[in-house]
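S.K.: For the record, the sequence lines run as chains A and B.
Everything in the first sequence is counted per numbering that gives the first Met the number 0, starting at 0 for the first residue and increasing by one.
Everything in the second sequence is counted per numbering that gives the first Met the number 0, starting at 0 for the first residue and increasing by one.
One or more of the hints may lead you astray.
One-sided and incomplete, this derived list gives chain B residues near chain A with beta-carbon spacing under 7 angstroms [claimed, not checked]: (1) A258; (2) V500; (3) L503; (4) H556; (5) F660.
I should point out that these hints are in silico values taken from the structure, not numbers from a laboratory.
As the structure is a computational prediction, the values presented were derived from the model and not from experiment.
Positions of the beta carbon are idealized from the N, C-alpha and C atoms, including for glycine.
Listed below are the residues making up each chain.
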Amino acid sequence: MNGSQVPLAFVTPGKNAVIKDIIGGYKLRKRLTDMGFVKSVNLKLLKNDNGPIIVMLGESKVALGFGMAQKIMVEELN
Amino acid sequence: MELKSSYPENNIVIALAGNPNSGKTSMFNQLTGARQHVGNWPGVTVERKEGTLKYKDNLVNVVDLPGTYSLGAYSEDEVVAKDFLLYHSPDVTVNIVDTTNLQRNLYLTLQLLEMGANTVLALNMYDQVEKRQQKIDIDKLSSILGIPVVKTSASKGEGVTQLVSTAVNIAGRDKKPLEINYGNELEEEIKSISEIVVMNNELKVKYNIRWLALKILEQDEHILEDVEHRLSARQLEEIKKCIQRIESKTGEESDTIIADMRYGFINELIEKTVKKSKSVEEKVSFSDKIDGIVTNRYLGIPIFLLAMWSVFKITFALGDPMIGWVEEFFAFLGTLASNLLLAVNASDFLVSLIVDGIIGGVGSVLVFIPNIFLLFLCISILEDSGYLARAAYVMDRLMSSFGLHGKSFIPLLIGFGCNVPGVMATRTLENKSDRMITILVNSFMSCSARLPVYVVFAGVFFPGNEGNVIFSLYVLGILVAIVMAKLFKSFLFKGAVSPFVLELPQYRMPSLKGTIIHMWERGRLFIKKAGTLIFSVVVLIWLLSSLPLGVEYASQHSFIGKIGSFLSPLFAPLGLGNWQSTAALIFGILAKEVVVGTLGVVYSVGESGLSTAIAQNFTALSAYSLMVLTLLYTPCVATLGAIKRETNSWKWTIFSAIYTFVIAWIIAFIIYQLGSLLY
């Protein structure tokens, strides 16, 4: 199962994914957690063109720096 | 700690808590209408908005807490919200949640309830939930959480009365904190930590013990600090062991487990109470369509530039005729006052003080009110509609290559109106070094107070080309800000650009009332400055020009002339060696617009004859040099005051005053000397 984990930053736009892990320090983790980025949450990648990415998380749209998006490990869904 | 005593004893104190974009501000406006005022939180500079309302026989104080996603130690906003709830214990906390986004919003709710806040839950934007034919079992939600729940729609004013009556009814009730079961492993350690901290009497009085233990496990910096100096080294060691035990048993950080458990509780809660309908997407897709365009890789920047161009066009095209009205008003006021004073045989000295000094001086500042308010109105509309968040997104790529943060662009934009609210708006930046850089370069944004200086000089020396000359100064300011930001990032505030996370709220039609209140909040800082600081500066200049007694008003022998003559060698290499421009620049530090006013005084010609006096005493080159100096040199006193408050450091304030002067001097020197060679 673990083999299919990729950083959110590498997911193609339009795809859904589920968060598996957040790697990073306390502050980054807390910031993401507070906004709803937690394990087993589904999200949809809306935009990914090397700048900040945009994801749909529940009903909210969030822009995330590329660096942060590399620290969120997800599993792509179909 | 200072407390509730700041409110009249019988008043009910309601705190409004909620996520950013939950409609908290609209609710605050609905509740308090025009009866609101803005101050600062004691000890910190985060703005504190308060208002009052009357319900039956009750007077209610409403305190708008900063919008936060959580109550921790992440940003100043969070600390302020947490401290107010903890130490001021409001009678009721009204938690505004965006019902269309319940999962994330309830995360804050849980933290409020775990803290033991006496809470009413306002399911805001409920109309949108109904539109999607979603159903929420309010009674069940209320009974699981143990608090009253009210449906509201703040933007339409629905449910507001019921919310108030519910809040007033439960005011002052003693609420038991909500206890979530965190599972055996965690609960065991919560118990062990509780047993340790409860031995300290101060902690026992100050906090709910279970909550304190949880916060320790979450590793909340502020709580840890408070606990550390009250417990012995051995006790702290014990606590550390508890945390390590959890982490070695579960292989996860303790804060992650707690967050996961909370979201688990929320998911279960939502499953029990929310019936989802199947067709949800419509509203979202409209927003998506707009986003597809405005955040487009190629279109994003041009659209952003177009938006900014429109903002400035509106500000000046609409503002300039209005400036005429303000000028006429003050001219009328001046004539009226002088007639009245002459009628009562007032001395010339007094007439001059009131008419030239006070009315003329304050008037010359207040003429920018139309520009400033229009600019802030445009920014408020962009912000309230949701576009500004997209602009920050679009700008992030560009800004991060200069060492700034995407969000830094908003304080810089506000700086074009007035640097004081610009510096204050840096609070939205969480990272300290981003915030410092944005504060330090903010004064290079050409605020509207510099404009009259440009207008007068460009009008005299560059007729027909005023627009281009003024534009060149705005661009110069931006370029200097970019270069300095890059230098600061490379040498003073090293480290990676901090992570960018920003919620892009749904597009909304901004409400008239909300937009105007928003505009007023920023603009009032300028009026306050004109009313207090500039007033005193104007009187001071007038005094220095009139003293020593018997001297000719504003001549070289007056104090102002002596000061100007003494310092003028400093400005001579910039083509500004006459004592008059030196005096104008010195007083310009008190407020940039004063540069023009002072010249009017020292050439003793008033506003009307100023153009002729300038034409005789400056060249096109020295005029441009003066404009560049006015743009770049030491920020005005009000801005320096804001820098001091926001950085809480004299060192940075003084640094800011000096480095800008040096930069300005060097650039003006280069321009003047190169220009002299060429022409």
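S.K.: Confirm or reject each hint.
M.R.: Status of each hint after checking the structure:
1. A258: holds (4 angstroms)
2. V500: Constraint on V500/B satisfied, holds at 6 angstroms.
3. L503: Because about 4 angstroms separates L503/B from the closest Cβ in chain A, which is inside the 7 angstroms limit, the hint holds.
4. H556: At 61 angstroms from the nearest chain A Cβ, H556/B fails the 7 angstroms test, so the hint is violated.
5. F660: Check failed: Cβ of F660/B comes no nearer than 35 angstroms to chain A, outside 7 angstroms.
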